[in-house]
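Let the hints inform the model, and build the full structure from the sequences given.
Take 3 as the starting number for the sequence shown in our numbering and just add one per residue.
Wrong hints could be hidden among the right ones.
Label-pair ranges, simulated between beta-carbon atoms [stated by the list, open to error]:
#1 G131 - K165: 27 to 33 Å
#2 F24 - G67: 19 to 25 Å
#3 L108 - F62: 29 to 35 Å
#4 E69 - P22: 19 to 25 Å
#5 I87 - I57: 17 to 23 Å
#6 N29 - G67: 45 to 51 Å
#7 V70 - L30: 38 to 44 Å
#8 E69 - T32: 40 to 46 Å
#9 Q7 - V70: 21 to 27 Å
#10 F109 - F56: 18 to 24 Å
#11 R26 - H127: 37 to 43 Å
#12 P86 - P139: 24 to 30 Å
#13 K162 - F62: 37 to 43 Å
#14 I87 - F24: 29 to 35 Å
Computed cross-link-like contacts, EDC-like style, restricted to lysine to aspartate or glutamate with a CA-CA straight-line distance of at most 16 Å [to be verified]:
#15 K162 - E69
#16 K165 - E103
#17 K59 - E69
What the hints contain is simulated information worked out from the structure, not anything from laboratory work.
Everything numeric in this text was worked out from a predicted model, so none of it was measured.
The beta-carbon is built from N, C-alpha and C at its ideal position, and this holds for glycine as well.
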Amino acid sequence: MGFAQTLRSILLPAIDFFYPPFKRVMNLQTFRYAVCGGSNALLNLIIFFLAYNFIFKQEFIHIAGFEVTRYIAAYIIALSISFPIGFILNKFIVFQQSNLESRIQLFRYGFVTATSILFDYLLLHLLVGYFQFWATPSQAFIIVILSLYSYLCQTYFTFKTIK
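Right, dumping it as structure tokens:
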């Protein structure tokens with residue numbers, strides 16, 4: 003049994019078990035996206051919180067010759083873990099029916115993620131750097147906004163099915 007089949011055999015029954023109460027509100031694919039995306043977003047937020055509060059102690063961090071604020075450094079750490087997990091969950095759990103080649107899906111997923119990163123970066127600087135809001139609640143708010151954007155892009159662009 004390959005990686006994709008093993009992942010599906012473990013996660014799909016667990017996710018689908020909780021679907022019946024939501025049948026009237028959303029279709030199964032949307033529910034799977036909400037569970038996978040929500041879980042990955044929660045993982046991202048936990049990693050962000052841990053990195054921001056426990057790993058990075060100074061306000062400015064030097065990474066690969068660049069100086070970034072600690073909330074951006076925390077974001078980089080969180081994204082480096084949540085990006086590959088998000089792609090795998092979307093490809094093998096949520097959008098299994100997509101018949102695009104994996105390399106095209108990965109490129110498109112990367113493009114959508116890059117635009118999300120840009121929006122996230124700008125919004126995080128705006129909320130934390132300019133408005134002086136707390137970093138973790140600001141990041142949580144941004145995740146909610148970008149989740150809707152991401153869902154629409156992943157459904158109609160990254161993992162679409164070509165007839």
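Hints and how they fare:
Here the CB-CB span from G131 to K165 is close to 46 Å, at odds with the stated 27 to 33 Å. Evaluation of the 19 to 25 Å hint for F24 and G67 yields a failure: the beta carbon distance comes to about 47 Å. As the Cβ distance of L108 to F62 is approximately 33 Å, the hint placing it in 29 to 35 Å holds. At about 51 Å, the CB distance of E69 to P22 disagrees with the hint of 19 to 25 Å.
Separation of I87 from I57 is about 19 Å and conforms to the stated range, judged on CB atoms against 17 to 23 Å. The hint said 45 to 51 Å for the Cβ distance between N29 and G67, and at roughly 47 Å that hint holds. Between V70 and L30 the beta carbons are some 40 Å apart, a value that agrees with the proposed interval 38 to 44 Å. The given range of 40 to 46 Å is respected by E69 and T32, whose C-beta atoms sit roughly 41 Å from each other.
Between Q7 and V70 the CB atoms are about 40 Å apart, so this pair departs from the stated range of 21 to 27 Å. Distance hint check: the CB atoms of F109 and F56 are about 35 Å apart, inconsistent with the given range 18 to 24 Å. For the pair R26 and H127, the supplied restraint of 37 to 43 Å holds, since their beta-carbon distance comes to about 40 Å. For the pair P86 and P139, the beta carbons lie near 26 Å from each other, so the given range of 24 to 30 Å is met.
Distance hint check: the CB atoms of K162 and F62 are about 42 Å apart, consistent with the given range 37 to 43 Å. Against the hinted window of 29 to 35 Å, the Cβ-Cβ separation of I87 and F24 comes to about 23 Å, which falls outside the hint. Restraint check for K162 and E69: not satisfied, since their Cα atoms lie roughly 39 Å apart, outside the 16 Å limit. A hinted pair counts as satisfied when its Cα atoms are at most 16 Å apart, and K165 with E103 qualifies at roughly 14 Å.
A distance of roughly 14 Å separates the Cα atoms of K59 and E69; the hinted pair therefore holds under the 16 Å criterion.
Comparing the model with each earlier hint shows violations of hints 1, 2, 4, 9, 10, 14 and 15; every other hint is respected.
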